Amino acid sequence: MAEILIDSAVQVLVEKLITIASEEIGLIFGVKEELASLKDSFTKIQAFLNDASKRQVEEEAAKLWLKDLENIAYEADNLLDEFNYEIVRRKVQIENQMKRKVCFFFCFSNPVLFRSKLAHKIKNLNIKLKTVNDTAVGYLIPSRVANSATFVLPVTETDSVTVDPIVVGREKDVSMIVYMLVNPNDEVVSVVPVVGMGGLGKTTFARLIFKDQRTVKHFHKRIWVCVSQNFDSTTNLFKRILESVTNSVVQVEGREAILQNLKVELKDKRFLLVLDDLWNDEQKYWEDFRSSLVGINSVNGNFIIVTTRSNRVGSIVNTRYQHSLGVLSDDDCWDIIKKRVFSNEEEVSEHFESIGRKIAHKCGALPLAANMIGGTLQRKDIDDWTSVLQRGFSDSNGDTSGVLQVLKLSFDRLPSPLLKKCFAYCSIFREDEEIKKELLIQLWMAEGLLVENDGDDMESLGSRVYDILLQNSFFQEAEKNEFGLIKHSKMHDLVHDLACSISKVESFNVENHKSDAIPPRVRNLAISSVDDCESYKMALKVNAIYLRALFSNYRIPDSVLDDCRNLRTLSLQRDTEELSPSIAKLIHLRFLDVSFTHIRAFPESICKLHNLQTLKAFRCFELQELPSQLRSLISLRHLIVDPYRDFKMPLEIGKLTCLRTLKFFNADTRMAVGLKS
Numbered sequence: 001m002a003e004i005l006i007d008s009a010v011q012v013l014v015e016k017l018i019t020i021a022s023e024e025i026g027l028i029f030g031v032k033e034e035l036a037s038l039k040d041s042f043t044k045i046q047a048f049l050n051d052a053s054k055r056q057v058e059e060e061a062a063k064l065w066l067k068d069l070e071n072i073a074y075e076a077d078n079l080l081d082e083f084n085y086e087i088v089r090r091k092v093q094i095e096n097q098m099k100r101k102v103c104f105f106f107c108f109s110n111p112v113l114f115r116s117k118l119a120h121k122i123k124n125l126n127i128k129l130k131t132v133n134d135t136a137v138g139y140l141i142p143s144r145v146a147n148s149a150t151f152v153l154p155v156t157e158t159d160s161v162t163v164d165p166i167v168v169g170r171e172k173d174v175s176m177i178v179y180m181l182v183n184p185n186d187e188v189v190s191v192v193p194v195v196g197m198g199g200l201g202k203t204t205f206a207r208l209i210f211k212d213q214r215t216v217k218h219f220h221k222r223i224w225v226c227v228s229q230n231f232d233s234t235t236n237l238f239k240r241i242l243e244s245v246t247n248s249v250v251q252v253e254g255r256e257a258i259l260q261n262l263k264v265e266l267k268d269k270r271f272l273l274v275l276d277d278l279w280n281d282e283q284k285y286w287e288d289f290r291s292s293l294v295g296i297n298s299v300n301g302n303f304i305i306v307t308t309r310s311n312r313v314g315s316i317v318n319t320r321y322q323h324s325l326g327v328l329s330d331d332d333c334w335d336i337i338k339k340r341v342f343s344n345e346e347e348v349s350e351h352f353e354s355i356g357r358k359i360a361h362k363c364g365a366l367p368l369a370a371n372m373i374g375g376t377l378q379r380k381d382i383d384d385w386t387s388v389l390q391r392g393f394s395d396s397n398g399d400t401s402g403v404l405q406v407l408k409l410s411f412d413r414l415p416s417p418l419l420k421k422c423f424a425y426c427s428i429f430r431e432d433e434e435i436k437k438e439l440l441i442q443l444w445m446a447e448g449l450l451v452e453n454d455g456d457d458m459e460s461l462g463s464r465v466y467d468i469l470l471q472n473s474f475f476q477e478a479e480k481n482e483f484g485l486i487k488h489s490k491m492h493d494l495v496h497d498l499a500c501s502i503s504k505v506e507s508f509n510v511e512n513h514k515s516d517a518i519p520p521r522v523r524n525l526a527i528s529s530v531d532d533c534e535s536y537k538m539a540l541k542v543n544a545i546y547l548r549a550l551f552s553n554y555r556i557p558d559s560v561l562d563d564c565r566n567l568r569t570l571s572l573q574r575d576t577e578e579l580s581p582s583i584a585k586l587i588h589l590r591f592l593d594v595s596f597t598h599i600r601a602f603p604e605s606i607c608k609l610h611n612l613q614t615l616k617a618f619r620c621f622e623l624q625e626l627p628s629q630l631r632s633l634i635s636l637r638h639l640i641v642d643p644y645r646d647f648k649m650p651l652e653i654g655k656l657t658c659l660r661t662l663k664f665f666n667a668d669t670r671m672a673v674g675l676k677s
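Read in the UniProt record's numbering, the sequence shown has 677 at position 677, and its numbers run on one by one without any break.
Cross-link-like lysine to any residue pairs, in silico, SDA-like; alpha carbons within 20 Å at most:
{"no.": "1", "residue 1": "Lys437", "residue 2": "Ala526"}
{"no.": "2", "residue 1": "Lys648", "residue 2": "Ala601"}
{"no.": "3", "residue 1": "Lys267", "residue 2": "Glu243"}
With beta-carbon atoms standing in for the labels, derived distance ranges:
{"no.": "4", "residue 1": "Lys44", "residue 2": "Leu662", "range": "42 to 48 Å"}
{"no.": "5", "residue 1": "Leu485", "residue 2": "Pro581", "range": "36 to 42 Å"}
{"no.": "6", "residue 1": "His351", "residue 2": "Asp457", "range": "54 to 60 Å"}
{"no.": "7", "residue 1": "Gln624", "residue 2": "Val560", "range": "26 to 32 Å"}
{"no.": "8", "residue 1": "Glu652", "residue 2": "Phe483", "range": "29 to 35 Å"}
{"no.": "9", "residue 1": "Glu353", "residue 2": "Arg600", "range": "53 to 59 Å"}
{"no.": "10", "residue 1": "Ala478", "residue 2": "Lys217", "range": "38 to 44 Å"}
Don't read these hints as lab results, they were simulated from the structure. Values in this document were obtained by computation on a predicted structure and should not be read as measured data. Don't be surprised by glycine CBs; every beta carbon is placed ideally from N, CA and C.
Could you put the whole structure together from the sequences, leaning on the hints where they help?
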């Protein structure tokens, strides 16, 4: 499943590279033609991405093509970022009124030589891209024309008659909804959205209501339509409804004819309509659909039940009420497993029950998981149960289970590569960790996922991405501050497993994969606790050049850190006592966190990190001062410091014109004076 992320990663990178402000780079460095060629190559590649992403699950050649393209895109991203850094560095020098001649990068004093090297690097990239393009033309396009239908993912339809798996823990919810249905208000059509993440049993829940005898007696017509991705046209949806009502294939075409036929079928009849698995969150579609439905039947007391994974869909179909389907208790999950495995007369031994309850806990409170794992445990001995407990939801070959495949549907249907990439990035967090909204947005910014446009700054765009993931149940347990703003949330354990399975080759948290080796060419790495620190330092050394994000509770040797020259994010906590002046070589760095360390001061060279957006030094009680040339961090947007009580703050901090967040803890009056100035 890890290959799934490659397509999203490449699309995000390609879009970024196409839209990057390369005009200024080309004019300054005299490589306008080379950059135009680079941009043109990436634009052509976009045409192949959609086809390749559909083929990658089946065809190894497409996987390799995407992987090659991803590596080149990252290389181009690093190169263009270096040029942008040089532009920013020049601006800083001008602002600081430096009198010496501009020196390109760290070692180029000759502008002609530098332009030559620059042109050579871009030329090499263009050669690589031509090879990738030729591969696509020779392999992907002919196959796409001939076999495009082969790679369309099938939509699993639901129905009202399927015998459901074992259901427990839903009795009160069912009774509450049924009571609403049979005791209607004076509206012609009322809507009850049932919202919850994949695997909670929304379809099963709706089917229980649909089949309840009180419902059967109350409604003249009961209609079931599985919507899924097909709600792109209200006409098609009405045709599906008519087919369900008549229990036959509808031959009529055209919206008016379909609605007239439906009007005849539903005349003077109270109906219940279940729209299962609704994804479309376009307000105009829903309003069009509902207004037409009201026009078909003027009898009061009609109901629509909508099941969806999206809170946004729920709020669109009913602005006043939505039924959030909750998770099950561990006892409920064990009850499902027990009923799947043992007959009613069969007594369960203490040994089986002890292991079974632990397995039930690993179901993540999802009835789908409990039913699936219960089926797996049928006719198995105690050793098999123990193996399932230890292995979790993967089979002996390590393949992801049906549970993750169900959750993956939500991932596949995210509307943009950006959302997929932002979600996958979250695998860098530990399981059950609180994910702070502000922090996550800053990390997305550092990775380059959030690009400012005319209407949005990076923080606003990141907030929208976070909220969409929350609305679609990728995040849960959201907590708000006193102003009603979301502070943090969590990922459900199985959702976290999904993120890890998708992004394992790119993002790796040692604590999430304790028995696994760090994959080669990993780009985001978190080392919080390890048994053999030296072996991880060796692996870190090998992967250093590919790393874009590094989170470590251990001191990283300067020699290793110097090799991590493409880092965008660096978080060093606990064991770190000082930063080497050579940190200035990390010119791509956008996020630096030294919280909970014993650092007393930052090296002045840190002020050469002109791309730095976020600087955090929380609970650094020995920190006595910030660098005197802090004003040179002209990209700094967020500064969070929790310093020593005699902390000295640079008076020119007010010249940080991009600054949006300034948090000082243990502030005294002298700091207040400095801030005022």
